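Protein sequences appear in the order of chains H and A. When we follow our numbering, the leftmost residue of the first sequence carries the number 1, and every step to the right adds one. When we follow our numbering, the leftmost residue of the second sequence carries the number 1, and every step to the right adds one.
Just so you know, these hints were derived from the structure itself, not from any lab. All values derive from a computational prediction rather than experimental measurement. Don't be surprised by glycine CBs; every beta carbon is placed ideally from N, CA and C. One thing to keep in mind: the hints can contain errors.
[Unchecked claim] Derived DEER-like restraints, expressed as beta-carbon distance ranges:
no., chain 1, residue 1, chain 2, residue 2, range
1, A, L368, H, C22, 26 to 34 Å
2, A, S49, H, C22, 42 to 50 Å
3, A, A357, H, V18, 24 to 32 Å
4, H, F62, A, G46, 53 to 61 Å
5, H, C22, A, L422, 14 to 22 Å
6, A, W345, H, F62, 22 to 30 Å
7, H, F62, A, L269, 55 to 63 Å
8, A, V206, H, F62, 35 to 43 Å
9, A, R68, H, C22, 43 to 51 Å
10, A, A79, H, V18, 30 to 38 Å
11, H, C22, A, G349, 24 to 32 Å
12, A, L339, H, F62, 24 to 32 Å
13, H, F62, A, S49, 52 to 60 Å
14, H, F62, A, L70, 55 to 63 Å
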Amino acid sequence: MSARACCGNCRHFSNDPVQLECALPGLGALGSAHGAVRDQDGICGKHERYLRASSVCAGHEFTGPLGRRPRDEGHPFPQLS
Amino acid sequence: MSELIDRAINTSKAETARAALPRTEDFWAILIGLGLILLAVALFAGGSSLKWLAVAPQKWSHAPEALRQLRDHATQYLALWVLWALVLGAGAAALGYRLGRFLPAFALLYLASLALYLLGQWDQAAHYNLEPPLVALAIGLLISNTVGTPQWAQPALRVEFYVKTGIVLLGASLPLTLIAWAGPVAIVQAAIVSLLTFGTIYFVGVRLGLDRRLAATLGTGGAVCGVSGAIAAGGAVGAKKEQVSIAISLVILWAIVTIFVLPLAARALQLPTGVAGAWIGTSEFADAAGLAAAQTYGGYAGSVAGITGTPEAAVNAFTLMKAIGRDVWIGVWAFVLSLIAATRWEATGVQSRGKAAQIWRRFPKFVLGFLLASAILTLISHGYSYAEYKKILQPAVVGPLQVLRVWAFTFTFLSIGLTTRLRELLSAGSRPFYAFTAGVAVNIVVGFVLSTQVFSGFWTSLGQ
Numbered sequence: 001m002s003a004r005a006c007c008g009n010c011r012h013f014s015n016d017p018v019q020l021e022c023a024l025p026g027l028g029a030l031g032s033a034h035g036a037v038r039d040q041d042g043i044c045g046k047h048e049r050y051l052r053a054s055s056v057c058a059g060h061e062f063t064g065p066l067g068r069r070p071r072d073e074g075h076p077f078p079q080l081s
Numbered sequence: 001m002s003e004l005i006d007r008a009i010n011t012s013k014a015e016t017a018r019a020a021l022p023r024t025e026d027f028w029a030i031l032i033g034l035g036l037i038l039l040a041v042a043l044f045a046g047g048s049s050l051k052w053l054a055v056a057p058q059k060w061s062h063a064p065e066a067l068r069q070l071r072d073h074a075t076q077y078l079a080l081w082v083l084w085a086l087v088l089g090a091g092a093a094a095l096g097y098r099l100g101r102f103l104p105a106f107a108l109l110y111l112a113s114l115a116l117y118l119l120g121q122w123d124q125a126a127h128y129n130l131e132p133p134l135v136a137l138a139i140g141l142l143i144s145n146t147v148g149t150p151q152w153a154q155p156a157l158r159v160e161f162y163v164k165t166g167i168v169l170l171g172a173s174l175p176l177t178l179i180a181w182a183g184p185v186a187i188v189q190a191a192i193v194s195l196l197t198f199g200t201i202y203f204v205g206v207r208l209g210l211d212r213r214l215a216a217t218l219g220t221g222g223a224v225c226g227v228s229g230a231i232a233a234g235g236a237v238g239a240k241k242e243q244v245s246i247a248i249s250l251v252i253l254w255a256i257v258t259i260f261v262l263p264l265a266a267r268a269l270q271l272p273t274g275v276a277g278a279w280i281g282t283s284e285f286a287d288a289a290g291l292a293a294a295q296t297y298g299g300y301a302g303s304v305a306g307i308t309g310t311p312e313a314a315v316n317a318f319t320l321m322k323a324i325g326r327d328v329w330i331g332v333w334a335f336v337l338s339l340i341a342a343t344r345w346e347a348t349g350v351q352s353r354g355k356a357a358q359i360w361r362r363f364p365k366f367v368l369g370f371l372l373a374s375a376i377l378t379l380i381s382h383g384y385s386y387a388e389y390k391k392i393l394q395p396a397v398v399g400p401l402q403v404l405r406v407w408a409f410t411f412t413f414l415s416i417g418l419t420t421r422l423r424e425l426l427s428a429g430s431r432p433f434y435a436f437t438a439g440v441a442v443n444i445v446v447g448f449v450l451s452t453q454v455f456s457g458f459w460t461s462l463g464q
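Looking at chain H on its own, in the form it has when it is part of the complex (with noise of 0.2 Å):
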């Protein structure tokens, strides 16, 4: 049994909904990130793109389960902190 890499355990990717309402401008104003119909989905900070949680690369970081990352490993990219 091999782990699937994908973006909901890649340290490059953050979809907490704080902070993508804090990174996307306008999102909080008519939409929101806790709404049902953004899923999973996040910004990935290594390509700059907003993507499905089940996404993958060959840039891939494991860095621990979908929405259990761990705070104190510092955020991928500051400007979301």
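Chain H is already provided as a structure; the job is to place chain A on it using the hints.
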């Protein structure tokens, strides 16, 4: 060791999938909306009513009258604040906001909403065009774009949370039979407009040299459900971060413009409230913005000469068109676009599989709450004649829920203005602006023709 890590990942992913819903605004909107409806029904069954708690300002002519109202009902207003603070505070806490920060901010929002609600009940309000949704929006925009909305107030400005709660409560005043009757027409009308709008924005955008992912994100934002549509499509196709920002900016810019323009245009044309609501539902981009426009237009019924239909018809037609006709299809749009992006468009270095499961995962679940609310009230009112419904159920159950809905929408309208910073919306660039604007033009014209010509009789009868 590797196996342990794998298990941890897979277990956590499964937990995340199960636990994701309670951390969404949709879940809390359903819980709060249906909870309040069940409370109203339970009180009614016990011989009581939610009426005392669901307090709202009444019509007034002179300031002392208004002040007397506030003084006489001060305890009720305080009790209502406690109720909202409890339920919305619980939701905000579950979404990750600190209750200690939410409550003071919400207290201010509640007081401002009370002032707006009171203003709307002034008998000269319509004469001076002081429609509460527009006033809320204008005041909010003024504060946000001049002195700036204080940072400490931000946790309570949850536009989508409030509008979804209000829409669930709205279900209580729409019989399920009406939704079943109007739903297919709303779906057909919305499908025509959505496809044409998306096609226009996408093809104009590509023609102007925009990246396909940006064109698709813009198109879905304009055609389906505004900011929610833009982020769903952006994630599905793997758009660049700045492309999603551009789409959000343009959606908000045009949504704010149409909040003011659509009701004024419909008023000039003296459209019946149901027809105007359907037009707004077809041509507005965001739920919250559209409800502001629809509620504004509903307020003209009875106060502006030549406008027929009930105030409720504008909001009802809007909601049917927007929620049933457009919002529920976002998962399908995202799925189709993710397939096309993965198989037809240039590679980005990121692989993304377009799974059909996202149709459900992205489904705007609050619409289910709206339908459930309708089903509950349809069931409760079964066996009552229309006269009995009007005499017994309306004042004891449906009326108080309508009052709570207006409160939720007032929180929404204030939050829109206070969270919209126009400076942030002006950096989209000219080509995305032209592409999106072409779609706006098609959307408004086709929406108008379908609402006022093709399905005019249908939407007019909704307001009878």
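Going through the hints against the structure:
In this structure the supplied range 26 to 34 Å holds for L368(A) paired with C22(H), their Cβ-Cβ distance being about 30 Å. Range check, S49(A) to C22(H): Cβ separation about 44 Å, and the 42 to 50 Å hint holds. A beta carbon spacing of about 26 Å between A357(A) and V18(H) agrees with the range 24 to 32 Å that was offered as a hint. Restraint check, F62(H) to G46(A): a C-beta distance of roughly 56 Å satisfies the suggested window 53 to 61 Å.
Our hint of 14 to 22 Å for C22(H) and L422(A) holds, since their Cβ atoms are close to 18 Å apart. At about 28 Å, the beta-carbon gap between W345(A) and F62(H) stays in the expected band of 22 to 30 Å. F62(H) and L269(A) have their C-beta atoms about 60 Å apart, which keeps the hinted 55 to 63 Å range intact. As the Cβ distance of V206(A) to F62(H) is approximately 37 Å, the hint placing it in 35 to 43 Å holds.
Roughly 45 Å separates the CB atoms of R68(A) and C22(H), a value that falls within the hinted 43 to 51 Å. Taking the beta carbon of each, A79(A) and V18(H) are about 31 Å apart, inside 30 to 38 Å as hinted. For the pair C22(H) and G349(A), the supplied restraint of 24 to 32 Å holds, since their beta-carbon distance comes to about 25 Å. The supplied range of 24 to 32 Å is met by L339(A) and F62(H), whose beta-carbon atoms lie about 28 Å from each other.
In this structure the supplied range 52 to 60 Å holds for F62(H) paired with S49(A), their Cβ-Cβ distance being about 57 Å. Between F62(H) and L70(A), the C-beta spacing of about 59 Å keeps the proposed range 55 to 63 Å intact.
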